[in-house]
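Enquirer: Just so you know, the sequences run in chain order A and B. Residue -9 is where the first sequence starts when you use my numbering, and the numbers rise one by one after that. Residue 4 is where the second sequence starts when you use my numbering, and the numbers rise one by one after that.
The set of hints was computed from the structure by calculation and includes no laboratory data. There could be a bad hint or two in this list.
Computed beta-carbon distance windows for the label pairs [said to hold, decoys possible]:
hint, chain 1, residue 1, chain 2, residue 2, range
1, B, Ile37, A, Leu401, 18 to 28 Å
2, A, Asp262, B, Thr91, 50 to 60 Å
3, A, Gln375, B, Ser38, 51 to 61 Å
4, A, Thr241, B, Lys35, 17 to 27 Å
5, A, Asn126, B, Lys83, 25 to 35 Å
6, B, Glu36, A, Glu22, 13 to 23 Å
7, A, Lys399, B, Lys35, 24 to 34 Å
8, B, Cys66, A, Arg212, 43 to 53 Å
9, A, Val(-4), B, Asp25, 51 to 61 Å
The beta-carbon is built from N, C-alpha and C at its ideal position, and this holds for glycine as well.
Below, each chain spelled out in residue letters.
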Amino acid sequence: MQKYSVFSLIKNAFSDHQNWEVAWKDPTPKKEYDVIIIGGGGHGLATAYYLAKEHNITNVAIIEKGWIGGGNVGRNTTIIRSNYMHDDNALFSEFGMDLWRKMSQDLNYNVMFSPRGIINLAHSDAQMNAYSRRGNSMRLNGIDAVLLNREEVQKRIPMADFSDNVRFPIFGGLMQPSAGTARHDAVAWGYARQADSMGVDIIQNCEVKGFDVTNGKIVGVRTSRGDIKAKKVGLCVAGSTNILAEMLNMTLPIETHLLQACVSEPVKPLLDHVVTFGAGHFYCSQSDKGEMVMGGDLDGYNSYSQRGNLPTLQHVLTEGIAMFPFLSKLKMLRTWGGIMDMSMDGSPIIDKTHIEGLYLNCGWCYGGFKATPASGWTFAHTIAQDRVHELNAGYSLNRFNTGDLIDEKGLGTKTWIS
Amino acid sequence: MLYIFCPHCGSRSQNEFAYGGDATVKRPELNKEISDQEWNNFVYLRKSPRGKHLELWHHISGCRQWIKVERDTSTHEIFKTYKADELTK
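This is chain B alone, in the form it adopts within the complex:
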């Protein structure tokens, strides 16, 4: 069982959350001409690293906020969590 610290609610079990994938993926700017390659990078290509991974989770059975979680993909250790709009380093 993963315990995820929701910045809004505190520590909750993974059962309350839905996963949202890689949080480092950036959608290309709106109203800007973008190439097929840029769109491909955004929609399909993922680093999927072994080790530290910054990812989105949705506290869907709680406060319904999206949050960012820094987690190790080989040990499942969670290092830090952030609000969705918080800057991450």
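Bound conformation, chain A alone:
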């Protein structure tokens, strides 16, 4: 594989950039693989990469119904953070933060990881107390957390509404300085390119039509491009998990919901951090191109449609304007939607299943992007060793039966109430 560097860039400039190697091949599916990963999104591509890199399993295929990176890894708001309170989430996410920091070097692909810090705003004394507790929990798990008072927040984000008589005055906030953003598409492409170079077959436009299970063991996958045998199969299909689960006669603690995001027209740099509104559900950062990248609530009803409705967008942006009044002057450039695998406790599932050789990676709710490297790393371990790693031991499928929920937000089973 051609190494990307400033020298390869200069060299290729002489040939008008016409002679770059393709980043990944377009193979025809083989008859059989050791492992098939279903879903060519961030998590699937990362899983294949870590299977090859960490476990030396290279007879692997990723099968993807559409094109790689066309789902949620291409539709998120690119936020990376590990500001969790519960140990399972905190340790898993912080392990991921370490992978993020090394990712561009590791993949030889610039994922533009930008640790610009995230600030969660607080609008009451009670919320400050809650954030202080959360921050302390984070620090006990080795994650950086800083409690900011009103003046410290104002110094960092002076454009927020600090005027008198506002409905939700800013009391302060909790900041994780090491959190940030990354170029989401580059993450998918970087993993795809490295996985491909180590022998993984990336098979696009290949839809799963069914599974072959014999004596409780997975033996293959039926696809729109023929039947493919496999010793092991991993599901990484986010919002489409329930569709595949139905083919396997499984019912999961997951509902599929629709989430929208949007970007404004580009403006000059004014927002250095990722900022979340504390009195509702709204978050905002500024992309390198200058667009304000924004998102918030789910549309609020089960949906497999990757397009949203205006009432939710209006609601979310009302919150946005309450936080950053200047947003009302900006024109909206694009809005889009993606479908989320909302789990019943808000935490993911990375586990084996009752079918031998079938592994499940789902339930990421709206926090899947930041988990991409850690999810791929632990899922690869789970598949290769046929047992969970201690990092994903808490993300079991059985926890809903045993009551060991990881209810970070304590919202209960109404998955659409975010």
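Fit chain B to the supplied structure of chain A, relying on the hints for placement.
Expert: Positioned in the frame of chain A, the structure of chain B alone reads:
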């Protein structure tokens, strides 16, 4: 914008409604011994189908009645709505 036909009030915009989730989920019988598995099925497990979905909506900014709505989860088309206690087929 979804327009939902409330069987009590007529067609109203989605802004007047709150979602209530899968209407096919059945709570286990009261006063009956139930297994952990049955309880798990009721509380946590959902089919979440792509296509026709029977779901509960609450006309919270209208008549405040709960209703059942048959809706397509991939196109958002609403086929039929029912009163909460109406039998659905």
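Enquirer: Using the beta carbons of B:Cys66 and A:Arg212, state whether their distance is inside 43 to 53 Å or not.
Expert: Given range 43 to 53 Å: holds, Cβ gap about 48 Å.
Enquirer: Given the hint of 51 to 61 Å, is the C-beta distance from A:Gln375 to B:Ser38 inside that range or not?
Expert: 32 Å, violated
Enquirer: At the C-beta level, are B:Glu36 and A:Glu22 separated by a distance inside 13 to 23 Å?
Expert: Violated, at about 48 Å.
Enquirer: Does the Cβ-Cβ separation between A:Thr241 and B:Lys35 fall within 17 to 27 Å?
Expert: The hint (17 to 27 Å, Cβ to Cβ) holds, given that A:Thr241 and B:Lys35 are roughly 21 Å apart.
Enquirer: That 24 to 34 Å hint for A:Lys399 and B:Lys35 (C-beta), does it hold up?
Expert: 32 Å, holds
Enquirer: With 25 to 35 Å as the target window, see if A:Asn126 and B:Lys83 comply at their CB atoms.
Expert: 52 Å, violated
Enquirer: For the pair A:Val(-4) and B:Asp25, does the Cβ-Cβ distance stay inside 51 to 61 Å?
Expert: Once the Cβ atoms are compared, 55 Å apart, the range 51 to 61 Å for B:Asp25 and A:Val(-4) holds.
Enquirer: Between B:Ile37 and A:Leu401, does the beta-carbon spacing fit 18 to 28 Å?
Expert: Holds: the Cβ-Cβ distance is about 25 Å, inside 18 to 28 Å.
Enquirer: Assuming the hint says 50 to 60 Å, is it satisfied by the Cβ distance from A:Asp262 to B:Thr91 or not?
Expert: 53 Å, holds
The earlier numbered hints that this structure contradicts are 3, 5 and 6.
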